[in-house]
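*Asks:* Spelled out from the first residue to the last, the chains are:
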Amino acid sequence: MRRRWMAAVAVTVAGLLTLTACGDGGGAAQTPQAGGEKKVEVFSWWTGPGEADGLKAMKEIFEKQNPGLTFFDAAVAGGSGDKARALLATKLQADTPPDTFQGHAGAELQGYIKAGDLEPVNSLYDELKLKEVFPEQLVDQISVQGQIYSVPVNIHRSNVMWFNPAVLKEAGVTEVPKTIEEFVAALEKVKKTGKIPLSIGSEWTMVHLLESVLLGSLGTEAYNQLWSAGSDWSGPAMTKALNDFKTVLSYAGDPADDWQPAAKQVADGEAAFTIMGDWAYGYFHNPPDGGLGKKSKTDFDWAPSPGTGGTFMWLSDSFTLPKGAPNRAGALAWLKVAASKEGQDAFNPKKGSIPARKDADTSLYTDYLADALKDWGSDKLAGSIQHGVTVNDAWRVSINEAVGLFHTDKDVAALQTALAEAAKNSGQ
Amino acid sequence: MTRVRRWLPGLLLVMPSIIAIAVFVYGMLGWNFRLAMTDRHDEISEGSFVGLENFVTLWDQKRWGISVDHAIVFTVVFVGGALALGWLLAFLMEKGIRGEGTFRAVYLFPMAISFVATGVVWRWLMNSGQDERAVGLNRLFDSLGLDFLQWEWFRNPDWGMAAMAIPAIWQMSGYVMALFLAGFRGVPEDLREAARVDGCTEWQVYRHIVLPLLRPVTLSALIILGHISLKVFDLIVAVSGKQIITDVPAVFMWVAVFDSHDPAKGATIASYIVLAVSVFVIPYLVWTLRKERRP
Chain L
1 MRRRWMAAVA
11 VTVAGLLTLT
21 ACGDGGGAAQ
31 TPQAGGEKKV
41 EVFSWWTGPG
51 EADGLKAMKE
61 IFEKQNPGLT
71 FFDAAVAGGS
81 GDKARALLAT
91 KLQADTPPDT
101 FQGHAGAELQ
111 GYIKAGDLEP
121 VNSLYDELKL
131 KEVFPEQLVD
141 QISVQGQIYS
151 VPVNIHRSNV
161 MWFNPAVLKE
171 AGVTEVPKTI
181 EEFVAALEKV
191 KKTGKIPLSI
201 GSEWTMVHLL
211 ESVLLGSLGT
221 EAYNQLWSAG
231 SDWSGPAMTK
241 ALNDFKTVLS
251 YAGDPADDWQ
261 PAAKQVADGE
271 AAFTIMGDWA
281 YGYFHNPPDG
291 GLGKKSKTDF
301 DWAPSPGTGG
311 TFMWLSDSFT
321 LPKGAPNRAG
331 ALAWLKVAAS
341 KEGQDAFNPK
351 KGSIPARKDA
361 DTSLYTDYLA
371 DALKDWGSDK
381 LAGSIQHGVT
391 VNDAWRVSIN
401 EAVGLFHTDK
411 DVAALQTALA
421 EAAKNSGQ
Chain P
1 MTRVRRWLPG
11 LLLVMPSIIA
21 IAVFVYGMLG
31 WNFRLAMTDR
41 HDEISEGSFV
51 GLENFVTLWD
61 QKRWGISVDH
71 AIVFTVVFVG
81 GALALGWLLA
91 FLMEKGIRGE
101 GTFRAVYLFP
111 MAISFVATGV
121 VWRWLMNSGQ
131 DERAVGLNRL
141 FDSLGLDFLQ
151 WEWFRNPDWG
161 MAAMAIPAIW
171 QMSGYVMALF
181 LAGFRGVPED
191 LREAARVDGC
201 TEWQVYRHIV
211 LPLLRPVTLS
221 ALIILGHISL
231 KVFDLIVAVS
241 GKQIITDVPA
251 VFMWVAVFDS
261 HDPAKGATIA
271 SYIVLAVSVF
281 VIPYLVWTLR
291 KERRP
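Keeping their order, the protein sequence lines are chains L and P.
Note that the UniProt record's numbering has the first sequence beginning at 1, numbered continuously upward.
Note that the UniProt record's numbering has the second sequence beginning at 1, numbered continuously upward.
One should not assume that every hint holds.
[What the hints assert, rightly or not] Taking lysine-lysine and the DSBU-like style, the derived pairs with C-alpha atoms no more than 35 angstroms apart in a straight line are:
no., chain 1, residue 1, chain 2, residue 2
1, L, K424, P, K291
2, L, K424, P, K95
3, L, K178, L, K38
4, L, K246, L, K91
5, L, K374, L, K358
6, L, K169, L, K410
7, L, K91, P, K62
8, P, K231, L, K114
9, L, K264, P, K95
10, L, K169, L, K350
11, L, K410, P, K231
12, L, K424, L, K189
13, L, K91, P, K95
14, L, K64, L, K374
15, L, K191, L, K358
16, L, K246, P, K95
17, P, K231, L, K240
18, L, K114, P, K291
19, P, K62, L, K410
20, P, K62, L, K83
21, L, K380, L, K129
22, L, K189, L, K169
23, P, K231, L, K83
24, L, K191, P, K231
FYI, nobody ran anything at the bench for these hints, they're computed from the structure.
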């Protein structure tokens, strides 16, 4: 009898131990520096060709400058970071943040700030005199009440129209369309040749298209006003802009799976235009496997999306200092590299973006990037919707929902009501 | 004392799992329902009790209505399709064809694949490109001269969810076949013989003898498929991502929690999913309990 008792107790205890052991194991796997050694966990969604190479270049500089520290790449795959950010949200909720994580500068970052997840990095800005080298509007977007919360590493442009010159020539489009009206006329001409006038990807690429059309139709002033209190989402100008969106969208081909297949249709000469951020340049231009290996200006070409010439719709990736970072000193060392001219000039040419710093070495940026760098210095600025600059996450989801519903019912009035509602409920 | 000795070791033995289930299943369920009844619409606020308000306002959202519609279409097509196909396969197999074991394995294999892998493959098969841009199944139809069969698959606004059920049917019908096959084999041969002696045609044997005896198997299959279908998430995300055109409650829940940062709304949707699944599962549990009590 006694032996059976002992067995029961032993099994019970063993069961409990297994349970707790599982818990520990899971935790240890997620926070590799739990032991407190010199690892710096850098959380990003840069796993694709180009971007991962850029990260590696920065890593090499980091490890050279900080011999005692090792870089731990905690990147999670998935374009625009939605999977990475879901994992990040659970980590932040559990108070087990990585040492530093990637976040889009602007309203998306404000979400983390409001939730109290971030530590200000003003001392770093003072120490490295960063306020002098970053554009003022950019620093505004990552600050709350004078506190700066992240270090931007790059700038992307959202309002870029990519096109296939051969397809345009065949359709008899001689001038690159500069206004929405010219754009619609060009789309109509392409349609007659039987090619896809405008290629499009999954639903988020339609929101990406919407932001370019809004900017082009409303103008930069009115577009930038949309994000302040008392903005006018219900007025006639917005109705016209949304009708423009409807017209442009009516020329879109069948939705591809994502932006890459949509861009590929342009590169392959199946489609004439696509509107996508300038990360598409790397995809067009890089040699195969990572990209399509196309020749710029002959196989593909670019211009600001119609109606947005002279305006740079930007978005920016930045690195943060989370509260309770296990290796705070290591995180600060990483931020210093990310902020440095050397770090940004190593990262950006590979990633296919331009540096956030104004004093970059311009000779490193050629072809499209030279254009972008020039425009960034001279253009008016506007913030992207889909990429977290002007709207916080909740608002962005509402806009995505409205556009997703619009894609099925094509009801402009319903879209406008939903967008106005979203602006009202955003609490921003 | 001796009586205690009889049940206590057993109880201790199952205690860890009882505790684990109490905390991680029922505790979490309770916590979720409590969260659904608060106004914690962002991650910072504490949230106060608002009763069933979230459960009511959810129905005002167009997206919720759409995702419920989608879930219903998906469930009907998936459960119906998998049951019909599984039954048909089992019926053919039951005739004792040669190489039955091989066929059984072949049809069961898809079940060993995760929905994510299935989804990735079928996303390509169900690509919406047509004619010269066709890939996958549309390409097949095109090259076979069956052009009229090409369609947008899951991107069709009206019947997209029916297309979405095809990979699920493909994956689960082998399992249903195995269930039915066991059921067919469980029908005593003498019952069939007796019916045949009484002058039943082979069809009538199936209609009046085998099918009624298969009812418990059908019910089990219905419940297993039904709860998978109502909770479906991985397949949808692998095929189309988080798009409205294929939105279902579980995907909406994910978006509410991780993208909109609205825990109360996510918890409300989760509660509805649990309730919908329990509509399937509870009658089944009651039914099996009652049956087991009978000697």
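*Asks:* Check each numbered hint from earlier against the structure, then list the numbers of those it violates in ascending order.
*Replies:* The structure conflicts with hints 1, 2, 3, 4, 9, 12, 13, 15, 16, 17, 18, 24, although it agrees with all the remaining ones.
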